[in-house]
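Protein chains: 2
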Amino acid sequence: MGTADLKLPVDVPSTALFTDQYELTMLQAALKAGTADRRSVFEVFTRRLPHGRRYGVVAGTGRVLDAVENFRFDEDVLGFLRERGIVDEPTLERLADYRFTGDIWGYPEGEVYFPGSPILRVEGTFAECVLLETVILSILNHDSAIAAAASRMSAAAGDRPLIEMGARRTHELAAVAASRAAYIGGFSSTSDLAAGFRYGIPTVGTSAHAFTLLHDHERDAFQAQIDSMGRGTTLLVDTYDVAEAVRTAVEVAGPELGAVRIDSGDLLLVAHRVRHQLDELGATGTRILVTSDLDEYAIASLAAAPVDAYGVGTQLVTGSGHPTASMVYKLVARAGSADAGAPLVPVAKRSTGGKTSVGGRKWAARRLDADGVAEAEVIGTGPVPAELTDRQLLVPLVNGGEVVGREPLDAVRDRHAAARANLPLSAMQLSRGEPVIPTEYVTGRPGSQTGA
Amino acid sequence: MGTADLKLPVDVPSTALFTDQYELTMLQAALKAGTADRRSVFEVFTRRLPHGRRYGVVAGTGRVLDAVENFRFDEDVLGFLRERGIVDEPTLERLADYRFTGDIWGYPEGEVYFPGSPILRVEGTFAECVLLETVILSILNHDSAIAAAASRMSAAAGDRPLIEMGARRTHELAAVAASRAAYIGGFSSTSDLAAGFRYGIPTVGTSAHAFTLLHDHERDAFQAQIDSMGRGTTLLVDTYDVAEAVRTAVEVAGPELGAVRIDSGDLLLVAHRVRHQLDELGATGTRILVTSDLDEYAIASLAAAPVDAYGVGTQLVTGSGHPTASMVYKLVARAGSADAGAPLVPVAKRSTGGKTSVGGRKWAARRLDADGVAEAEVIGTGPVPAELTDRQLLVPLVNGGEVVGREPLDAVRDRHAAARANLPLSAMQLSRGEPVIPTEYVTGRPGSQTGA
Chain A
1 MGTADLKLPV DVPSTALFTD QYELTMLQAA LKAGTADRRS VFEVFTRRLP
51 HGRRYGVVAG TGRVLDAVEN FRFDEDVLGF LRERGIVDEP TLERLADYRF
101 TGDIWGYPEG EVYFPGSPIL RVEGTFAECV LLETVILSIL NHDSAIAAAA
151 SRMSAAAGDR PLIEMGARRT HELAAVAASR AAYIGGFSST SDLAAGFRYG
201 IPTVGTSAHA FTLLHDHERD AFQAQIDSMG RGTTLLVDTY DVAEAVRTAV
251 EVAGPELGAV RIDSGDLLLV AHRVRHQLDE LGATGTRILV TSDLDEYAIA
301 SLAAAPVDAY GVGTQLVTGS GHPTASMVYK LVARAGSADA GAPLVPVAKR
351 STGGKTSVGG RKWAARRLDA DGVAEAEVIG TGPVPAELTD RQLLVPLVNG
401 GEVVGREPLD AVRDRHAAAR ANLPLSAMQL SRGEPVIPTE YVTGRPGSQT
451 GA
Chain B
1 MGTADLKLPV DVPSTALFTD QYELTMLQAA LKAGTADRRS VFEVFTRRLP
51 HGRRYGVVAG TGRVLDAVEN FRFDEDVLGF LRERGIVDEP TLERLADYRF
101 TGDIWGYPEG EVYFPGSPIL RVEGTFAECV LLETVILSIL NHDSAIAAAA
151 SRMSAAAGDR PLIEMGARRT HELAAVAASR AAYIGGFSST SDLAAGFRYG
201 IPTVGTSAHA FTLLHDHERD AFQAQIDSMG RGTTLLVDTY DVAEAVRTAV
251 EVAGPELGAV RIDSGDLLLV AHRVRHQLDE LGATGTRILV TSDLDEYAIA
301 SLAAAPVDAY GVGTQLVTGS GHPTASMVYK LVARAGSADA GAPLVPVAKR
351 STGGKTSVGG RKWAARRLDA DGVAEAEVIG TGPVPAELTD RQLLVPLVNG
401 GEVVGREPLD AVRDRHAAAR ANLPLSAMQL SRGEPVIPTE YVTGRPGSQT
451 GA
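Sequence order for the protein chains is A and B. When we follow my numbering, the leftmost residue of the first sequence carries the number 1, and every step to the right adds one. When we follow my numbering, the leftmost residue of the second sequence carries the number 1, and every step to the right adds one.
Hints listed in this document are in silico derivations from the structure and should not be mistaken for laboratory results. If you're wondering where the values come from, they're calculated on a predicted model, not measured in any experiment. Do not take every clue at face value.
Covered by chain B, per the in silico footprint, the following chain A stretches (three or more residues, Cβ under 8 angstroms) [said to hold, decoys possible]:
1. 106-115
2. 119-128
3. 179-188
4. 214-224
5. 248-256
6. 376-388
7. 428-442
Distance windows between CB atoms, simulated [to be verified]:
8. A:S337 / B:G232: 28 to 38 angstroms
9. A:N422 / B:G79: 50 to 60 angstroms
10. B:Y240 / A:D266: 52 to 62 angstroms
11. B:L368 / A:D266: 57 to 67 angstroms
12. B:L269 / A:A340: 23 to 33 angstroms
13. B:G34 / A:G230: 12 to 22 angstroms
14. B:G232 / A:E440: 41 to 51 angstroms
15. B:Y240 / A:V442: 23 to 33 angstroms
Where a beta carbon is used, it is the ideal one built from N, C-alpha and C, also for glycine.
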C-alpha cells in the first residue's frame, strides 16, 4: 500500500481488496472442510438485458486481465485482514501465496452478448476462482453498461464524431474506465486527461463559460483563446447572446474559425440559426459542436440538424438509464473431490424465485442465417454441433495463470463495430424491444463433464 | 506514475489528470492574456434535485480535500502533456509548480442541501481554481448521489441495520467511495474489504450459493461454515429448498444459529414462513437477513415483516434511479485585474436556455421555525441578516492551501442523521415531491464584493 500515506482517493495498488468479505470466509471454511481445492468452473452471464435493450456489449475484459494479474495479498493487506480477524492464520498463509493459476475463457472484448451468454468462464480450484468474483463483476458490470450506451449513441450519431465528456458526472476513476468503454462503443475522443494518459484515447477540449466570464468582454475572451490556440479552435458561443457571440467569433477568428460550441437552449433551433449565420458570415467551413445533456434519443433527433459533432456527458457515464449490467458470477460445475482427475459435476441453484441458472460448463456460438446475419445465440453444455464449430464465441484469455488475451483498444473498438454490423438491422432501433436474436440452449449429456 | 508498470486499473497516484482538457487550455490562454491571476470565486451548486427527491446529501467533501492536496503535476504527467502537445511550455512550467494556495469553504459533509445551495466555494487565482473543476465535481456528484439514496434507505429501514453489498455492481473504486457514502447516509457496514481497509468501515460477509454448491450436500456446506465461523454465523438458505435448508441449519447449528439469509423469492412471504419455522424449531434468537434487489421502497414494504437486517447492492451504488447529482462548478465572481486588491465583480452566464445562474460570492443559512425545524434555505450575496448569523452553513475547509476541514467519518455520519432529523417530517416520505424546504434568495448590493 505504498501510496496510502498520500491519502489519495486511489490507494489500493493491488486489486485483492476489491473483494467481498464472504469470498475470504468461504475460502477459510472450504480449507477447513477440505473442499477448497476441488476443481471448479465459474461463469459470468446475465439473466436478462436492461429493459428494452436489444443487445449487450462486452467491455472491461482487458481491465479484468490486469486485475487478475495484480490480485496479490501483500503485507499491508494481510495485516489488515489479521487485525480485523476476518480470516484465520491458515487462510492468511494461503492468501500470501495467492496467484491465479487457472484458465479464463471469454467473449472477446467488444463482442455483443445476449441473455445467458457465458461472457467469461473461470476455471481452477474453488479457492483461486471464488476470490475473483467481485473484482471481475465490478469491472464487467460497469464497463459493459457504459459501452452499451455508447454503442447506441454511436449508432444514432452515424458518421458524426462523439466526444466523451462525462468525467464530472461519475467517480473520478470510473470516469477513466467509462472513457475506455465509450471508445469501444464507438466514441472518437474524450475530455478526460487520465483516460488519454492511461489508455491512449485521443483527448480534446478548449474552454468553458468560466473563461468568457473571466474576461471583461466576450471579445477579449475569444481573442485570448485564438491567440493561444489558433483559429482552428472551438469557441463557446452561448455565455451571453448566441447571435452576437457568433458575429464576434467570426470577426475575431475570421472565416477560418474551426468550430463553435452550443451548450444550452433548443439545440435543433439554435444549430439551424447558427449555421445560417455562419454561412452568411462566410464561415462555411466552421463546424458546430453541441453538448447539452445529450442521450441517444437527442442525438437521433438532431440527425437532420446542421450539427457536426456531439459531446456527451451524464447520459454516457450513467449508461443512459442503465448504469450497471446485471452480470452474475456463478459456480456451474465442480469436482466431487480434490483429486486432479475427478470429473466435473454440473451444479446450479434451484430454489424458486427467479434466480435459477443453468448448470454445466458452457460453450456459445452465434448462428448466422443464409445472408450471414446473426439469427441466434446458441449455448450448450455438451458436444458442439458440427455446423457451429467455426462460430464459437469463447476465446482463451488466461492460460495456466498467464494472460494470453491482451489486445490493443483499437482492435476491440473495431471488433465491436463489426459485431454490431452483423446483427439484424433492428438492433439499431432505439425504441424498446426484445433482444434482437433469441438465446437457444442445446442440452448436453447430463452428468459429469470433462475436457474442454 | 510509479504503479503504471503494473498495469493496474488504478495507476494515477496524483489527482491532477482527473481533469478535463479544457481546464488546461483555458489556463494557457489566460496566462497568455494576462488574466490567469485574477482573483476568482467558483461555487459548486445544483440547479435542481433529482426528480421527486426532497433533499440532497453532501458527501465526498473529505475525498475532495484529499484530491486537492494531491493535485500535483509530476514528471510523467508533464511528459504526457508535452508529448501530446496539449499545452505549451510556459503552461507546463506553471503546472510543474502547481499547489492550491487558496481557500475553500463548504457545507460540512453529511449536511443536507437544496437547489441553489452553495455546497462548495473555491477562492484563489483563476489559474489555481479552474483546474479543480472536474475532480471536485466527479467526487461530489458521485458520492452525494449515493449518500442521498442511502439516506432514504436508512429512513425506510428505521432501526434495522443496512449492509452495503453493491461493489460488484459498480466500478471497483467507485464501490469504495460508494461504501463510504452509504455509511454517511446511515448504513452500518459493507461487504467491500477495500472500504474497510481505506475508511475503517465495518466489514461483514459469510457465504454465497457457490459455497453450498461446492459441497456434495447442503448439510456438508452448513457444517463446514459452522466449523469455520461458529454458530453465530449467517447461513444462506435459498440454494435449494428454503424450508429444508432452515431445518438443516438449525439441526447443524442448534438454536444458537446467528442468522439466516434469504436472497430470492417473495421476501415478505418467505420471511414470515422462515420466522415461523425458526420459532417452531426453538431458534427464536436467530435473525433473518434479506438481500435481493432491495431499494428504499422494498425496504419500506418489509417494515412489518420479521426481518432483522437488509443487504443492499445495485440500487445503492446506482443511486436508486439517480446515479449522479447534477452539481456544477461555476465562476461567480472575479477581479477586474490581477492586482491583489482589485475588487470582485459578480459574473454569471445569462443566455437563454435554462442554464443561467446567480452571480456573486454567496453565503447560505438554514432558517428554522419556532419549533426549531428547518423552514427555508436562505442564500445571499450581500450582508447576512442578523437573525441568520448563527445559522450559517459554510465552514472553512482549506485555508491558504492548508486543509483545515478534515474530520472522522463517524462525525460526518452523525451530522447527517442530525441534519435529516431537523427537516420537516415530510422529508422522510419516499413518494415523489418538491424539495422539503424552499430556497430563498436575499439579494445583496449589486456590484463589487469584498471581504468574507
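So is the stretch 106-115 of chain A in contact with chain B by the C-beta rule, three or more residues under 8 angstroms, or is the coverage claim wrong? Violated, because only 0 residues of the stretch 106-115 of chain A bring their Cβ atoms closer than 8 angstroms to Cβ atoms of chain B.
For the range 23 to 33 angstroms, tell me whether the beta carbons of B:L269 and A:A340 fit it or not. Taking Cβ atoms as reference, B:L269 and A:A340 lie about 45 angstroms apart, which means the hint is violated.
CB-CB spacing for B:G79 and A:N422 relative to the 50 to 60 angstroms hint: Violated: the Cβ-Cβ distance is about 41 angstroms, outside 50 to 60 angstroms.
Given the range 23 to 33 angstroms, decide if the beta-carbon distance of B:Y240 to A:V442 lies inside it. Holds: the Cβ-Cβ distance is about 26 angstroms, inside 23 to 33 angstroms.
Is it true that A:S337 and B:G232 lie within 28 to 38 angstroms of each other by Cβ? 30 angstroms, holds
At least three residues with a C-beta closer than 8 angstroms to a C-beta of chain B: is that true for the stretch 428-442 of chain A? Per the Cβ count (0), the hint is violated.
Given coverage of the stretch 376-388 of chain A by chain B, tested with a Cβ cutoff of 8 angstroms and a minimum of 3 residues: violated (count 0)
State whether the coverage of the stretch 248-256 of chain A by chain B holds or is violated, taking the criterion as 3 or more residues with Cβ-Cβ distances under 8 angstroms. violated (count 0)
State whether the coverage of the stretch 214-224 of chain A by chain B holds or is violated, taking the criterion as 3 or more residues with Cβ-Cβ distances under 8 angstroms. Coverage by chain B holds here, the residue count being 6 at a Cβ distance below 8 angstroms.
Outcome for the supplied range 12 to 22 angstroms, where the beta carbon pair is B:G34 and A:G230: 19 angstroms, holds
Chain B covers the stretch 179-188 of chain A, three or more CB atoms within 8 angstroms, holds or violated: violated (count 0)
Proximity test - 8 angstroms, beta-carbon atoms, the stretch 119-128 of chain A to chain B, at least three hits: With 1 residues close enough to chain B, the hint is violated.
Comparing the model with each numbered hint stated earlier shows that hints 1, 2, 3, 5, 6, 7, 9, 11, 12 do not hold.
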